[in-house]
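Student: Residue numbers (this note's numbering), protein chains in the order written: chain A, 4 to 292; chain B, 69 to 234.
Hints were generated in silico from the structure; no laboratory data involved. All C-beta atoms, glycine included, are put in the ideal place defined by N, C-alpha and C. One or more of the hints may lead you astray.
Per label pair, the in silico range of CB-to-CB distance [stated by the list, open to error]:
(1) Leu133/A x Lys225/B: 50 to 60 Å
(2) Lys131/A x Ser207/B: 22 to 32 Å
(3) Ser122/B x Glu264/A: 16 to 26 Å
(4) Arg176/B x Ser19/A: 26 to 36 Å
(5) Lys225/B x Lys292/A: 32 to 42 Å
(6) Phe123/B x Ser238/A: 36 to 46 Å
(7) Ala218/B x Thr240/A: 20 to 30 Å
(8) Ser207/B x Gln6/A: 52 to 62 Å
(9) Ile15/A x Asp79/B: 21 to 31 Å
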Amino acid sequence: MKQQYKAYFSAITVPSGLITQTRTKIARERSRAASPLKVSRYALAAAFCALFLLAASILPRLSDFMQISDNSSVSPVPSATESVVSTPPVSDSTIKINELGKLSDSPSVGSGPDINRVEAWTFQDFCKLLGFDPLPAEIPEGLTLASPDTRDISFHDDRRVDFYNTWYVLYTDGQTENSKSISVHINPSFIPYWSVPRAYQLQGEVQLDDVDALLHFGETSEINGTKVTIWHKSSGTVWNYGAGAFGETLDVTDYYCADFEYRNVGFTVAAQNGVTQEEFITVLESIIK
Amino acid sequence: MNQKSLRTDDDVNGVMDRYADMIYKVALSQTKNTANAEDIFQEVFLRYLRSSQSFESEEHRKAWLIRVTVNCSKKLWSSAWFRHTVPLEESIPFAEKEDSDLFSAVSRLPTKYRLVIHLYYYEDLSARQISYALRIKESTVTSRLCRARALLRELLKGEYGYETTI
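Produce the complete structure using the sequences and hints provided.
Tutor: This is the structure in structure tokens:
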């Protein structure tokens, strides 16, 4: 069947006109980019913001100048819509929760090169590599560890662990997509790359290239001196990193996720289906000691 | 913000020479329609032109192109225009009836199965390479392949003896 399928598709050729059309479009795009009159939408947005801020700062003074005595008739300066909800600090922590947007279908960034060095490791081996135990000391009641003791770890030739292979630990009260669960992804060679799809979710439509910028979307919280980006979605679709079909889209309620780097190790912690904000923060605080 | 620089002609042309066939056929396998496949083809190369993504290996570049093609296809399906139109499933000429049956069976598979079947059967990618390209677990790829084969077996049952050869 494979041969038959292959033979069938081999007989199809890319229309030559399509290549020419694409080259023409590329040339057009190139000349558009080279045009000195081009003003990017970012520049327009920046100019608009600057005008808005200027107006916001001038208007109250103008009102004073005109000695408007009836304060009740003066409209307050409109403030930008708050997308970040601040909650009172917990111990040494300042918590800021970023609301996730709708799931975008923008492409996600690539993972590591083709890796051929693979070894079966125990979690103890992994802890030895990190130099510490990365697991949370506190887990919400009712959740139990449901992860294998060993897993295949892939390496680059220089023994760096490939970032495509995080150690993944799951605490759950079941094995279905609706189970209450907390997952911890630990990666010693890369700042959590799951942030990137989440940034797509946040933005809806983002160009995929600027990974560094994407990683720093969102307000950062501080937990015991470590910067943490926390995301929340009350209901909707997210990438599933918990129980059930891993890495696929999933409809959730009350989804929390945090990305951070602690002791040179990348972490992504996700909680879904009933883990409260307090429980989630407690878990984070028990990792970032 | 600095204006992004575009990739060079040499770069884009080289990629087009190497991957035009792959991108067109992945798009065709996903959309089952040449006009949509052509739109996706152009969009993928425009995205590549604008992209400043650096690639660690040719494997990485190929995986990126597959992912962008798949995402462009998904974008097409989710567009309001596409949702309100009836997809045109073209009658592609086949040399043999068996080809026609096979293509018809594959095109009836759900998209996620059709994709792994195409990458595995036509692009000769391994389950690991597919998982790398699509950013899904290798076990998910193998389970989709198994499921896709089982569905194909079901769809082709009675047509001719595919029971053990799929």
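Student: Now, for every hint given, state plainly whether the structure supports it.
Tutor: Going down the list of hints, with the structure as the test:
{"no.": "1", "hint": "Leu133/A x Lys225/B: 50 to 60 Å", "result": "holds (52 Å)"}
{"no.": "2", "hint": "Lys131/A x Ser207/B: 22 to 32 Å", "result": "holds (26 Å)"}
{"no.": "3", "hint": "Ser122/B x Glu264/A: 16 to 26 Å", "result": "holds (22 Å)"}
{"no.": "4", "hint": "Arg176/B x Ser19/A: 26 to 36 Å", "result": "holds (31 Å)"}
{"no.": "5", "hint": "Lys225/B x Lys292/A: 32 to 42 Å", "result": "violated (59 Å)"}
{"no.": "6", "hint": "Phe123/B x Ser238/A: 36 to 46 Å", "result": "holds (37 Å)"}
{"no.": "7", "hint": "Ala218/B x Thr240/A: 20 to 30 Å", "result": "holds (27 Å)"}
{"no.": "8", "hint": "Ser207/B x Gln6/A: 52 to 62 Å", "result": "violated (27 Å)"}
{"no.": "9", "hint": "Ile15/A x Asp79/B: 21 to 31 Å", "result": "holds (26 Å)"}
Hint violations for this structure: numbers 5, 8, all remaining hints satisfied.
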